[in-house]
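Student: Residue numbers (numbering that gives the first Met the number 0), protein chains in the order written: chain A, 0 to 218; chain B, 0 to 449.
If you're looking for bench data, these hints aren't it; they were derived computationally from the structure. Keep in mind that this is a model prediction, so the values were computed, not measured. Some hints here could point you the wrong way.
[Unchecked claim] Quick partial rundown of chain A residues pointing at chain B, CB under 7 angstroms, derived from the structure: (1) 8; (2) 18; (3) 23; (4) 83; (5) 87; (6) 90; (7) 98; (8) 100; (9) 101; (10) 103; (11) 108; (12) 112.
[Stated by the list, open to error] Far from chain A, by Cβ distances over 10 angstroms, these chain B residues were calculated: (13) 197; (14) 295; (15) 299; (16) 375; (17) 428.
Cβ atoms here follow ideal geometry from the backbone N, Cα and C, with glycine treated the same way.
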Amino acid sequence: MRILLIEDDQLIGDGLNIGLEKLGFSVDWFQNGLDGREALLQAPYDAVILDLGLPGIDGLSILKEWRMQGKKEPVLILTARGDVDQKIIGLESGADDYLAKPFALAEVAARIKALIRRNNNTLTPTIEHGNIIFNQHNRTVKLNGQEVILSPKELMVLELLLNNKNKVLSKETIENKIYSWDEEVSSNAVEVHIHHLRKKLGKNIIKTINKIGYMLGEA
Amino acid sequence: MKKFSLQLRLIIFFILISGTVFLTAGIMSWYEGREKLDEFFDTYQILMARKLSSLDWQHINAESQSKIDKLIKDLDDDGEEEDDALGFAVFTHEGKMIFHDGNEGKDFHFNHNASGFENQKIGKDKEPWRIFWIESIDKQYIIAIGQEIDFREDAAFDLVEDTLLPWAAGLTILLIAAVYMVSREFRPVKKIAYELRHRDSNDLSAIDNDNMPTEIKPMVWALNNLFIKIAETLKRERSFISDSAHELRSPLTALKVQLEVAELAGDDIKTRNEALQKLCLGIERASRLVEQLLELSRLEAYEKDTSNFKDLNWEEIIQEAITTQQNAASNQNINIKYISKEKFCIKKGSPLLWSLLLRNLLDNAIRYSPYGAEIKVTMDKTSLSVYNSGVTIAEEIIPRLKERFFRPPGQSRNGSGLGLSIVERIARLHNCNVELKNENNGFLVTIHSI
Numbered sequence: 000m001r002i003l004l005i006e007d008d009q010l011i012g013d014g015l016n017i018g019l020e021k022l023g024f025s026v027d028w029f030q031n032g033l034d035g036r037e038a039l040l041q042a043p044y045d046a047v048i049l050d051l052g053l054p055g056i057d058g059l060s061i062l063k064e065w066r067m068q069g070k071k072e073p074v075l076i077l078t079a080r081g082d083v084d085q086k087i088i089g090l091e092s093g094a095d096d097y098l099a100k101p102f103a104l105a106e107v108a109a110r111i112k113a114l115i116r117r118n119n120n121t122l123t124p125t126i127e128h129g130n131i132i133f134n135q136h137n138r139t140v141k142l143n144g145q146e147v148i149l150s151p152k153e154l155m156v157l158e159l160l161l162n163n164k165n166k167v168l169s170k171e172t173i174e175n176k177i178y179s180w181d182e183e184v185s186s187n188a189v190e191v192h193i194h195h196l197r198k199k200l201g202k203n204i205i206k207t208i209n210k211i212g213y214m215l216g217e218a
Numbered sequence: 000m001k002k003f004s005l006q007l008r009l010i011i012f013f014i015l016i017s018g019t020v021f022l023t024a025g026i027m028s029w030y031e032g033r034e035k036l037d038e039f040f041d042t043y044q045i046l047m048a049r050k051l052s053s054l055d056w057q058h059i060n061a062e063s064q065s066k067i068d069k070l071i072k073d074l075d076d077d078g079e080e081e082d083d084a085l086g087f088a089v090f091t092h093e094g095k096m097i098f099h100d101g102n103e104g105k106d107f108h109f110n111h112n113a114s115g116f117e118n119q120k121i122g123k124d125k126e127p128w129r130i131f132w133i134e135s136i137d138k139q140y141i142i143a144i145g146q147e148i149d150f151r152e153d154a155a156f157d158l159v160e161d162t163l164l165p166w167a168a169g170l171t172i173l174l175i176a177a178v179y180m181v182s183r184e185f186r187p188v189k190k191i192a193y194e195l196r197h198r199d200s201n202d203l204s205a206i207d208n209d210n211m212p213t214e215i216k217p218m219v220w221a222l223n224n225l226f227i228k229i230a231e232t233l234k235r236e237r238s239f240i241s242d243s244a245h246e247l248r249s250p251l252t253a254l255k256v257q258l259e260v261a262e263l264a265g266d267d268i269k270t271r272n273e274a275l276q277k278l279c280l281g282i283e284r285a286s287r288l289v290e291q292l293l294e295l296s297r298l299e300a301y302e303k304d305t306s307n308f309k310d311l312n313w314e315e316i317i318q319e320a321i322t323t324q325q326n327a328a329s330n331q332n333i334n335i336k337y338i339s340k341e342k343f344c345i346k347k348g349s350p351l352l353w354s355l356l357l358r359n360l361l362d363n364a365i366r367y368s369p370y371g372a373e374i375k376v377t378m379d380k381t382s383l384s385v386y387n388s389g390v391t392i393a394e395e396i397i398p399r400l401k402e403r404f405f406r407p408p409g410q411s412r413n414g415s416g417l418g419l420s421i422v423e424r425i426a427r428l429h430n431c432n433v434e435l436k437n438e439n440n441g442f443l444v445t446i447h448s449i
């Protein structure tokens with residue numbers, strides 16, 4: 000899951016960036032509001048973490064602009080003040096959730112996951128597909144009740160496909176969803192992940208649609 | 000007397016004054032009354048004596064006897080006058096009493112020298128009497144007519160009593176009116192006291208001064224002014240506390256998040272060490288913020304108290320401030336140059352505060368200058384300035400730099416946003432102002448003496 004993080008504070012931004020990566024997200028971190036605002040228009044994000052106290056342009060204005068432009072990505076706002084007013088204004092401006100500083104990384108991750116789940120209309124944290132159970136909460140996969148160890152990127156590809164049943168996803172789409180801009184991507188990275196997933200979960204888990212991309216196999 | 004309430008003092012004062020007036024009036028009317036009554040009774044006695052003297056005492060016949068009886072009756076039963084108020088006796092020149100009124104008259108002592116008024120003590124009880132002596136017209140007899148002095152005093156007393164009664168009534172009414180007026184006029188004061196006593200400690204609204212008496216108005220006005228000042232101070236304190244709490248949230252969040260990253264890193268030693276390093280950085284930043292918050296809050300409370308100002312040795316203060324920052328400057332390959340043109344004209348002040356001011360300016364200069372920049376500290380007669388090369392600040396942001404907690408956008412260096420607030424406060428305590436401007440491809444902070 001690819002997250003857009005806009006936070007000007009060096010230490011908080013850095014911590015969220017690294018921490019969320021460790022928790023299985025790919026994160027693009029911007030310290031400047033203007034760059035962050037543009038980023039959402041350039042890449043497919045699953046969710047946005049937006050600090051309200053940004054220099055240059057303030058978080059609420061960015062949020063309003065996105066919503067005016069029809070961007071529907073779920074947005075979690077971070078506020079430094081615990082004021083009820085600011086929370087209300089944030090939610091009314093189109094935010095989906097808020098967290099007041101000081102918050103814990105784990106809480107940010109949990110809320111982001113919940114937002115994405117809600118956005119994908121999957122209210123339970125587990126997705127079942129045939130004999131596979133994917134637990135989005137603790138990011139584990141079971142095949143016939145047995146846990147299968149997957150790498151973070153493999154988990155992301157699987158999750159992406161599970162959330163887009165009956166849709167064909169191009170190689171570029173998958174790439175954009177699982178890699179942030181600062182990661183180096185080899186040209187066959189997606190193929191390698193698909194290959195590993197088939198090896199671990201069975202050949203029929205993913206169908207290749209020639210020259211278009213991939214989609215989830217029959218259950 | 001001072002410890003009693005003003006109201007009680009006024010009332011006691013009124014009682015004493017009216018008491019004194021009453022007493023003076025009483026004594027005065029007593030003496031006046033006595034004198035007037037004496038004159039009156041004396042005249043009456045003389046008149047009676049004349050009547051008696053005109054009688055023919057040698058030949059007392061039926062006609063004269065009836066005259067005497069009538070006189071005696073006049074004396075005895077004179078309407079309102081007390082019985083036996085007057086008595087008389089008739090003596091021969093040899094002192095033999097040939098006639099008396101049948102009562103006290105018989106006890107009169109003959110005094111052959113007497114003529115006119117004389118006081119005697121009469122009877123068993125030695126009552127004092129006033130007696131008038133007169134020779135009868137036929138010069139054969141001497142007539143004495145007397146009156147009991149007690150009777151005169153009683154009459155005088157009655158008179159005084161009658162005069163004083165309206166006085167007493169008037170004074171009582173006056174006193175009641177005075178007590179009522181005093182307590183009525185003190186009602187606004189009581190009202191204020193009541194209001195203040197029952198006031199919530201957070202309520203600093205003004206007391207209504209429109210309906211107050213002129214004497215109370217200045218007091219209420221002063222009190223309201225004090226309320227305004229306290230409210231301002233409170234507001235400042237509260238906003239300082241809330242700003243501080245707010246500013247502490249960010250460093251705390253950073254600490255929390257970096258700690259969690261270190262925990263998450265697990266076997267990834269590189270990530271863990273980096274997170275721990277950033278944690279240390281975050282703790283440093285939080286400590287610096289707390290330190291500066293304390294400095295600023297102390298400065299806010301620091302009254303402009305020139306009594307603890309000392310002579311300032313500028314060379315020493317500046318050299319020392321530069322020395323303490325030298326290490327940080329060297330790390331950034333920054334050279335600090337000191338130019339002393341003339342001695343700064345502020346002669347008295349707090350050396351501690353001035354070194355704090357210089358330390359903050361130098362710290363800012365080092366913190367926000369690029370590697371290898373130059374810092375110049377210049378002392379002149381009317382100014383003290385710190386210049387750093389290599390960095391300029393957008394003109395529209397410069398006026399906001401002195402705001403508490405304000406940090407220019409896109410700031411990667413950590414800082415509290417309090418340094419210039421501290422500088423500004425110290426300068427103002429010493430009657431100086433702070434000028435900020437871009438100059439010569441660098442940033443210049445100048446402290447001007449006003």
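Student: Would you list, in rising numerical order, the hints stated earlier that this structure does not obey?
Tutor: Checked against the structure, the hints that fail are numbers 3, 4, 5, 6, 7, 11 and 12, while the rest are satisfied.
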